[in-house]
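Since chain L is already given, all that's left is putting chain X on it; use the hints.
Keeping their order, the protein sequence lines are chains L and X. Under the UniProt record's numbering, read the first sequence as residues 1 to 381, first letter to last. Under the UniProt record's numbering, read the second sequence as residues 1 to 381, first letter to last.
Hints may contain errors.
The list cannot tell twin chains apart, which means a pair is met if one copy fits it or any two copies do.
[Claimed, not checked] Derived lysine to aspartate or glutamate pairs resembling DMTMM-like cross-links, with alpha carbons at most 25 Å apart:
1) K350 - E61
2) K326 - D305
3) K124 - E256
4) K127 - E256
5) K339 - D304
6) K339 - E41
7) K339 - D327
8) K124 - D254
9) K131 - E256
Honestly, the hints are just simulated from the structure, not real lab data.
Here is how the chains run, residue by residue.
2 protein chains.
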Amino acid sequence: MGPRLRGNDGLQKECNVTHIYNFSAGPAVLPKEVLTQAAAEMLDWHGSGMSVMEMSHRGPEFMSIYKAAERDLRELLAVPDNYKILFMQGGGLSQNALIPLNLLGHKPAGATIDFIHTGSWSGKSIKEAGKYANVNIAASSMTSVPPQSKWQLTPGAAYLHMCTNETIDGVEYDFDGGVPDAADPRLAGVPLVADMSSHILSREIDVAKYGVIFAGAQKNIGPAGVTIVIIRDDLLGHALPACPSAFDFKLVADNESMYNTPPTYGIYIAGLVFQWLKAQGGVAEMERRAKAKAELLYAALDVDDFYQNRVALPNRSRMNVPFYLKDESQNEAFLAGAKARGLLQLKGHKSVGGMRASIYNAMPIEGVQALVDYLNEFAGR
Amino acid sequence: MGPRLRGNDGLQKECNVTHIYNFSAGPAVLPKEVLTQAAAEMLDWHGSGMSVMEMSHRGPEFMSIYKAAERDLRELLAVPDNYKILFMQGGGLSQNALIPLNLLGHKPAGATIDFIHTGSWSGKSIKEAGKYANVNIAASSMTSVPPQSKWQLTPGAAYLHMCTNETIDGVEYDFDGGVPDAADPRLAGVPLVADMSSHILSREIDVAKYGVIFAGAQKNIGPAGVTIVIIRDDLLGHALPACPSAFDFKLVADNESMYNTPPTYGIYIAGLVFQWLKAQGGVAEMERRAKAKAELLYAALDVDDFYQNRVALPNRSRMNVPFYLKDESQNEAFLAGAKARGLLQLKGHKSVGGMRASIYNAMPIEGVQALVDYLNEFAGR
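Just chain L, with the same shape it has in the complex (with noise of 0.2 Å):
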């Protein structure tokens, strides 16, 4: 059997399925060549003798690793100088806490912190930061990012955050206007905050233009465990008392991730994927092959109305693609069939109902081709 070539025991019985494709919003799929270098070196890395499990954090050997895996994520992200990269835990959702709590410290009390509100989980960021500071929702749609003329900014706000992929509503910000030059004066020192959990390394950024990048790492990155924060130095040492140590970020970055044991494993499988993604070419590729793939996804859905996307078009995400069934008597039969082919984890988020295909680096267009040659089958085209 080769790896990842079939369908589980219960396809296997329904149909013969010879290529699994897992649309899952993350955990996702990850690269097989690095699935199948951390298999062969799971009990001896390179000749160690040792698990990367059973390394100590501190060695000269995960030290390598660690070191190896900061350098390629700055190289792939074009990330200055004048920024640290962490690795921390806790996840995404962890940041909406962590973030005021980081960079509230030297503001006033009654501090506001503006937010664009575009999706779910912008949504849940501005919830949490409730608990922190005051909270303004400069402009809200949950189906595009409204155009900046229209955002209601405060002036010397402590930050502005926005969710620039909404995993759950498919709404991803147009990088080429949709997010506020660096110049502009009505943000002159408001940090930018982006929450780029979703489609992190899956296009050319500007890393100068924000204050903090962060991203869970379960979709592009690697496996649920490991979040990556990027943040301008001149941002850390502002944390508020409450802050947890373990997550006060200029200890982590003074210790370059190491103030706590950090989750050595994935930082490790995260390191094996930003050397997948150089030897791809770097994220332009990944750029070029995720606007190919959705633009082969949004044209199938596009056809007729049969199937519906509902974000504007500029802000059609390429990365969640999420979708309804005119008829959605037909959900279950939709779903039934797609897993009778191993087209799987296409259900939508349980808060949005409909289906979502998620098409991450790691999802090769012979997937989404599969996926569309499905939605045409289904409507009878």
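Coordinates of chain X only, in the frame set by chain L:
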């Protein structure tokens, strides 16, 4: 090449090492059987066509892994039904903040937490708790657990914190008298909180004595990045407003550790370790082995004063054995000789110096015997 039966490249140049024994304090040695199974299942878990890393945490495949891990840990530690087991992120260190953030919400401002200070880890807990409450050091010693009669307890304390095995200092509580009885009148209404990171699952415990038990995984449980919290139901729901939602014990408990995406792969490995422990005979068998291994090692240290362990006899840890050479100018020679024999990571923690051998559940007695042989050889016996 058989797995783990060889040295690394450097070692092989120096001499013919055939076995590696890894005495790291954590992340630490894992059972070979667990790593072998993880490698075999890496690309396709149980015919699902997916790696465990690629599974949605809410899907039936991962939920079966999660539930088995929870059930097995509950069985291994005989956790009563009125306790929840949480699989969290952040490590033991983060719990130094998360425990007060979760237990003080219904206490008046100025509440006091009592601590027994027996080493570096309880010391860190004391320092961190001081950010959230008054702290009283009820008793202190770095080389023993002070007798309960000497503890200066605070009536009505929010809780009493103890680190029942000090990983750095090698001080372990004697459970047959070292931990207060649940009926101790001085502790009426005062929950016991125990940091068991470095000896959980190595000895039988009476969970009902404790309000909260916590443990970072990377010693006896699995890979770094998973933290276990075992908490009595009546202590849930008392989080301070500043507690991040992702780390609110009640939210974590109410969502079966899936309020946030959990560290799925780490939980899977922990589950394999739990299965291994059950197959070996459970915690009672681990305790028998731990006693045998510790007796073997301490006997070699106690032959004469060439080596020294400074911990009071009843509190010598069975898991972490720090020791010093009487002539510390030989430290480097000792470590170099150990490495040449495949005895790795024996250097003591930088804060205390000397040597340390961590002999967790997954360390076979053959590894301890190899260390004892080397101790005798180096001492010229």
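Legend entry - Hints that the structure is at odds with (numbers, increasing): none
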